[in-house]
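In order, the protein sequences belong to chains A and B. Residue numbers for the first sequence, in this note's numbering: 128 to 752. Residue numbers for the second sequence, in this note's numbering: 12 to 114.
Keep in mind that the hints are not guaranteed to be accurate.
[To be verified] Negatives, chain A to chain B, calculated, CB over 12 Å:
1. Tyr196
2. Val287
3. Arg489
4. Tyr732
[Said to hold, decoys possible] Here are the in silico distance ranges between beta carbons for each label pair:
5. Glu328(A) with Arg80(B): 34 to 40 Å
6. Arg288(A) with Ala30(B): 39 to 45 Å
7. Ala30(B) with Thr318(A): 38 to 44 Å
8. Ala516(A) with Pro52(B): 52 to 58 Å
It should be emphasised that the hints constitute simulated quantities derived from the structure, not laboratory data. Glycine is no exception: its CB is placed at the ideal position from the N, C-alpha and C atoms.
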Amino acid sequence: MNAALDQANGPMVALVGNPNCGKTALFNILTGSRQKVANYAGVTVERKEGPLTTPSGRRIRILDLPGAYSLDPMTPDESVTADVLLGRRDGEARPDFVVCVTDATNLRQNLRLVISVKRLGLPMVVALNMSDLARRKGMSIDAARLAQELGVPIVETVGVRPGGVKPLLEFLDRAGPAAAGPEPAAWRKQTPEEIARDQREVLRILAAAGVEDFAGPTFSDRIDAVVLHPLAGPAILAVVLFLVFQAVFAWAQLPMDLIKGGITTIGGWLATALPASLLKDLLINGVLAGVGSVLVFLPQILILFLFILVLEDAGYLPRAAFLLDRVMGSVGLSGRAFIPLLSSFACAIPGIMATRTIQSPRDRLATIMIAPLMTCSARLPVYALIIGAFIPHELVWGGLELQGLVLFALYVAGVAGAMSVAYVLNRRGRGSRFHALMLELPAYHWPNLRNLAIGLWQRLEIFLTRVGTIIVSLMVILWALSSVPLAPAGAAGPAIQYSIAGRIGAALAVVFAPIGFNWQIAVALVPGLAAREVAVGALGTVYALSATGKDVSGALAPLIARSWSLPTALSLLAWYVFAPQCLSTLATVKRETNSWRYPVIMAGYLFALAYAASFITYRIALAFQ
Amino acid sequence: MDDRATPLAADAPAFAEMALADLQPGITARVVGVCSGPHAPIEVAQRLAELGFLPGEIVRVVARGFLSREPIAVRVGTGTFALRRFEADCVRVVPAPGARVII
Chain A
128 MNAALDQANG PMVALVGNPN CGKTALFNIL TGSRQKVANY AGVTVERKEG PLTTPSGRRI
188 RILDLPGAYS LDPMTPDESV TADVLLGRRD GEARPDFVVC VTDATNLRQN LRLVISVKRL
248 GLPMVVALNM SDLARRKGMS IDAARLAQEL GVPIVETVGV RPGGVKPLLE FLDRAGPAAA
308 GPEPAAWRKQ TPEEIARDQR EVLRILAAAG VEDFAGPTFS DRIDAVVLHP LAGPAILAVV
368 LFLVFQAVFA WAQLPMDLIK GGITTIGGWL ATALPASLLK DLLINGVLAG VGSVLVFLPQ
428 ILILFLFILV LEDAGYLPRA AFLLDRVMGS VGLSGRAFIP LLSSFACAIP GIMATRTIQS
488 PRDRLATIMI APLMTCSARL PVYALIIGAF IPHELVWGGL ELQGLVLFAL YVAGVAGAMS
548 VAYVLNRRGR GSRFHALMLE LPAYHWPNLR NLAIGLWQRL EIFLTRVGTI IVSLMVILWA
608 LSSVPLAPAG AAGPAIQYSI AGRIGAALAV VFAPIGFNWQ IAVALVPGLA AREVAVGALG
668 TVYALSATGK DVSGALAPLI ARSWSLPTAL SLLAWYVFAP QCLSTLATVK RETNSWRYPV
728 IMAGYLFALA YAASFITYRI ALAFQ
Chain B
12 MDDRATPLAA DAPAFAEMAL ADLQPGITAR VVGVCSGPHA PIEVAQRLAE LGFLPGEIVR
72 VVARGFLSRE PIAVRVGTGT FALRRFEADC VRVVPAPGAR VII
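For reference, chain A alone in the conformation it holds in the complex:
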C-alpha cells in the first residue's frame, strides 16, 4: 500500500508466532532492544518496532507482535497481530516479510499457525527457535526436509544466545525482504473441522521430517506432579511467597546501611563545605533529605524483583495462577486475570496493559479496576519506612522475622481487598459464573542469568530515573513551597508552619485528623499522588525543615518513630494499602478503557476505601493503646 513511505528505513519484517515461543527474545537480539521477556504467554501485548542493520549493511525494520494461537483473534492483544498481518490496521502497511517463529519443541501446535500464515501469501521464513532445547531433548528435526514439506524456507535459531540468530540474519541478508507482497488474501474464520484438517497436514509433515515426540511424562510433568498437587502445591506456593518477604527485610539490611551511611556522609560534607545560604538549605533539606529517604529502599525493591524475575523466567507464575484459580473464579474473575494482577506488583501500569490478554470485556474491566490494589513497588518504600520505624526487629514464632511478617500481611491485605472488590463488582454486574481460563502452562526452564541481569538492571534504571527526575523536581517544588513565605520575626516553632506548604498541610489536616494524620503527613500525601514513593521523600523534606537546626538527612525513621503515635503509623499503612493510585495509573486506565468514567470511579472508590480502612485501623489501635 504505502510501501514507498518507509522506504528510507527499509522493509518491514514482522515476527509472528504462538505465545511464548521466543519472539521477543529474538527481537531483542536482532534490534539490541531490551523488551521484557518471560516464560509465560502474553508478555508482549502491543506492537514493538526496532531497527536492524544486517551484516551486509541492509536496513530492515523488525516488528515484534503479540503471540497468537491463530489468526482468528479472541483477545485485544491477538487482534493486533491479526490486523497487522491482514493489513487491517489503520495507517499501517502490511509487513513486507514475515518471520514465523516456532518453538522447535512444540511443532505439533506451532506449525498450524505457520500453515495459516502461509495462506496469507506474504513472503516468509520459518525460524525454528529453541533448536538447542529440541536437540537436548533428543528430538532430531530434519530442517531441510521440513522446509521442503512445508514449502517455506527454514532457519534454526536460539533466541537466548547472542550468536543464535546468525542463520536468520544471513537469511534476511541473502534471500530476504523481497519487494512488496501481494494484496491480502481473503481471510475468514476457520471451523474446527478445517483446523483439524490443518492438523492432519501438520502430522503428515512432521512424520515426513522424522520429528517424534512423546506423550509420556516429561521433566516438566514430573515437577508439575508436585507443584500442582492439590495439597502440596498450595503449601509450596505459600512457602515461596513467604520466603520472598522474609528476604526483602533480611537481605537488605547491609546495603541499606551502606546507602544510609553514604547519604549521611554527603550531608555532613555539604553542611561543613557550604556557607550558610538558600542553596545549602535546598541541597540538604530539599534534595538530600527527600531523595535520600527514597534511595535507601532500592535494595529491598531489587531483592523483591530478583525473586519475581527468577519465578517468571522459570515458568512458575502460570502454575501459581493454576493454584489460585479457584479463588479467582469464586470472586468472578477470569483465570487469565492472574498474570496482569501479578504484573501490578511491579507497577499497576504494565498490569493494566496486560489485561489485553483477557477475552471478555467485562472480565477485563473488573481486572483493571482492582489492579491498583496489588501492592506496587512504589509503595514498598512507604511500607518499609513505617515498618522500620515502628515494628520491632525481632524474631517471633520460632524464627520468623516480625518486620517481614508485617510486610507480608500488608501485601495479603491488598490482595484480600482486591478480591472483595471483584466480588462486589461481579455481583452488581450479575456477571456470568463462567469465566475463561485456557492458560498455557509452559515447560519449565532454568532461569537465564543474562535475562535476570538485564531485568534487575532495568528496575535499577527505572528507580534511579524516577528518583532523578520526578522525585528530585517534586522535592525542589516542595522545598520552595515549604520555605516561603518566611516566618515572621520572633515566631515560635519551625518556619515551615508559616509557609504555603505548612498552611496547605494545616488545612488538609482537618480532613485527615479523624484518621490520625498530622499536618506533615497531609502535606506529604499531595506529591505522593504523582508517584507514591514521593510521599516518603516529602516526609523527609518536611521533617528536615521542621527540625530546628539539626541535620536529619538519612535519619527519617527515628524521627517519625519519636513524633508519631503507633495508631497514626498503622493508620498510614492501612491508607497505603488502598491509597488512591498515582496519576499515571489513572491516565493509563483512561487510555485502556477509552473513557473518563472508569478512572473517576476508580479514584473515588479507592479514596473511600483508604479513608474507611484508615479510620477503622486508627480507632481500633487507639482503643487498644
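Starting from the structure of chain A, add chain B where the hints point.
Just chain B now, with coordinates in the frame of chain A:
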C-alpha cells in the same frame, strides 16, 4: 462434518466417549472432537480446537484442583493447558490407556 467415529485399534477395549472434564488424572485419552458445552458457547470450542484439542490428539490430565476438582491441567500433544471445568466439558474424549507415542 462429524468426527466422532474415531477409529480405535481393533484389539483395544472399547471405552465410552466422555467429557475431558471427567477424565481421571494420569489416564491417556484420545480427543474425539470439540462441541459447545452446557455453559460454553461455540466460541469456547473453537478456541479449544485452536489450542490443539483436535480429533486424534492424545490428552492426559496432569493435575486437578482440590475439592472442586477445578481447574484441570491437561497435556495435549506437546503443550499443557489449564482449563476450568466448563471449558473441559467441551472436549469429548475416549480413554486410550497405554497410548504413549503420539506420532
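Checked hints:
no.: 1; hint: Tyr196; verdict: 5 Å, violated
no.: 2; hint: Val287; verdict: 19 Å, holds
no.: 3; hint: Arg489; verdict: 15 Å, holds
no.: 4; hint: Tyr732; verdict: 28 Å, holds
no.: 5; hint: Glu328(A) with Arg80(B): 34 to 40 Å; verdict: 36 Å, holds
no.: 6; hint: Arg288(A) with Ala30(B): 39 to 45 Å; verdict: 44 Å, holds
no.: 7; hint: Ala30(B) with Thr318(A): 38 to 44 Å; verdict: 21 Å, violated
no.: 8; hint: Ala516(A) with Pro52(B): 52 to 58 Å; verdict: 55 Å, holds
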